[in-house]
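**Student:** Sequence:
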Amino acid sequence: MADITVSLPDGSERTLPQGATGADLAASIGKRLARDAVVVEVDGAPRDLSAPLHDGDRVRIITVQDPASAEHLRHSTAHVLAQAVLELWPGATFAGGPPIEHGFYYDFELPDGGTFTEDDLERIDAKMREIIAADQPFERFELPLDDARELMADHPYKRAFMDLAASGDDADGEVSGDGVISFYRNTPTFVDMCLGPHVASTGGLGNFRLTRHGGAYFRGSERNPMLQRIYAVAFPTAAELEEHLRVQAEAELRDHRRLGVELDLFSFPEEIGSGLAVFHPRGGIVRRLMEDYSRRRHEEAGYEFVYSPHITKADLFETSGHLQWFADGMFPPMQVDVPDGADDGAAGTTYYLKPMNCPFHILIFRSRMRSYRDLPLRLFEFGTVYRYEKSGVVHGLTRVRGMTQDDAHIFTTEEQMPDELAGTLTFVLDLLRDYGLDDFHLELSTRPPEKAVGTEAEWERATEALRGAAEGMGLALVLDEGGGAFYGPKISVQARDAIGRTWQMSTIQVDFQLPQRFDLTYVGPDGERHRPIMIHRALFGSVERFFGVLVEHYAGAFPAWLAPEQVRVLPVADTHLDYALEVAAQLRGGGFRVDVAPADETLGNRIRRAKGDKLPYVLVVGDDDVAHRTVGVNPRGGEVERDVPLGSFAERLHGDVESKR
RNA sequence: GCCCGAGUAGCUCAGUUGGCCAGAGCAGCUGUCUUGUAAACAGCAGGUCGUCGGUUCGAGUCCGACCUCGGGCUCCA
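Just add 843 to the spot in the first sequence (first one is 1) and you have this note's numbering.
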């Protein structure tokens, strides 16, 4: 029988006997490679180690050291989860269980509408580890559709995936559409439908942890039944799993909801209502500083400031299209000016809380005749809007029902638009950097197929203009098909924070629609009327969300320019109080935010409290300092320095503020 | 909105199968202590146990509805 020859990524070739598998190949190269091999890629396509190789195959062996192995290990561990659940809950059925970032999930339906509990996760985990200890093989086999349906007779969701694939749907990648269904058998009783590949056996798995459980609609649609999903994190190595869990624990400590209470920044009094925040004095300082700086920069960039009310007659949102397209996101209407004695609900005038600021800015544009000389006209407002968010989605400051947008609408000619978009994007990124975020990527959201006004051609032009601006930035650009607003496509800026999480921040949207709906015009150099184009843009997105992101990014330890309290002066004993007050007064005179903590408590305890409040600087003053007009400087995250002249400390603080460190 | 879980003092939590006057630490207040870099000591005060209704001789504890929060789905700045 003829041998086969395969090539490896380094260009070398190896000759193996006919019928040799990826595992054989690995074994022929080295013991360690054989042990660490997870799957192989043949001509770029992942395959089981047990699959026979063919003459001329280009083969890459993926080991646990290769990041590409994670997906396969996760996928295989998901099967172990399914096996454990099906063994523990006789009569349970399962749907899909794909690998995801950091881990995997699997969807189940338990008998009699059962649900999982926290304790169940422990039982399942224990069962999974038994399966792994048993080192069960993953054995692949294939069946024609009819036989496959019969094999999965007790599992309607698996059959649903087969039917979807048969009708040309992608079936969430669970099955192929070629009429042959592949399965993996672990034990005589456990078989899962799967495209594969899988690890050779369960023994190599184990670096996982079950994390959460919750409801999830089948295939993500509200119209489908709700299944019970279990999430897990999983990594090729134990060290990676540990690191991930460490970062998670860190993220929990940074949670802005927790820090908001601890640092006395803001709260959500139950009496006010879900998703409605109040900012306390310390949070108020931070917010005001954020806003003040933003105002200054916007002024310098040619924006003009406007103000508009929070509520308006329904007609305005009829004209804008919001009542047609965005009504679900709006608070219910209120009837006002109802005539005495009228019991007809339709009598009077209908008002709405505003969910967006654009119509108001449009009315400002339209308040008089505009010339091309006025354009681009950039109207800016910290506009507070109200959105009726579904009860299950409200979340801290990042998803609220009342928020303030740093909202601007730019009215331009069509010719000006590309430059204006590029300028806006540059401005936005620059400003975000000043707030300490500097790792970005961009996302381009296109026409939502079922929910869009305007013609395809208009959408196309707007989308291309945005794409051009985005591509000019030299940042990664991700396509978000169908994710645009009803009136136009958008670019959103995604920022990565200090511990690597990405947040959607700024959005820039092109809008041909509202200028038409409101019949906006300007007079061009030719004396004729022309239609302007609108650009909607928000940089913080919402001030509340941005505030929450900054709290998490800085873990509550705001840089000096934003810190609510920059310095706290601690006299060692009462005899140093007058000097401490003098130091504080002098620093305040320099424009700094300073408090004094008198010697009612031990110095150690006052230091501890100040550190807990995450101040940039704690100053300790005692006999030596009174005598020499110095201070002891205890900086956040640094070493204590004694006998620092007050003047040089003030300069240092000034430098921190100026450099926004 | 849907699935699950939770709501006890400002915060973090105890409170056994329904049964004496609902507890602790931190925070707060009052004293004493007068401190050189991450917790001095003592005392005081603080709760209609989320709200409303029900079961019961008796409810923080059991049941229902609503409100709020947390985790997930869907949605989103």
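If you are wondering where the hints come from, they were derived from the structure by calculation, not from laboratory data. Predicted, not measured: the structure shown is a model, and the values here were computed from it. Take these hints with a grain of salt, some might be off.
Unchecked claim - Straight-line distance between alpha carbons at most 27 Å, and here's what the computed DSS-like set of lysine-lysine pairs gives: (1) Lys1503 - Lys1457; (2) Lys1454 - Lys1503; (3) Lys1233 - Lys1156; (4) Lys1294 - Lys1156; (5) Lys1233 - Lys1294.
**Student:** Now, for every hint given, state plainly whether the structure supports it.
**Tutor:** Now the hints, each set against the structure:
Simply put, Lys1503 and Lys1457 have alpha-carbon atoms about 16 Å apart, close enough for the 27 Å limit, and the pair holds. For the hint linking Lys1454 to Lys1503, the alpha-carbon distance of about 20 Å falls within 27 Å, and the restraint holds. Restraint check for Lys1233 and Lys1156: satisfied, since their Cα atoms lie roughly 24 Å apart, inside the 27 Å limit. For the suggested pair Lys1294 and Lys1156, the alpha carbons sit about 24 Å apart, so the restraint of at most 27 Å is met.
The hinted pair formed by Lys1233 and Lys1294 meets the criterion: a straight-line CA distance of about 19 Å does not exceed 27 Å.
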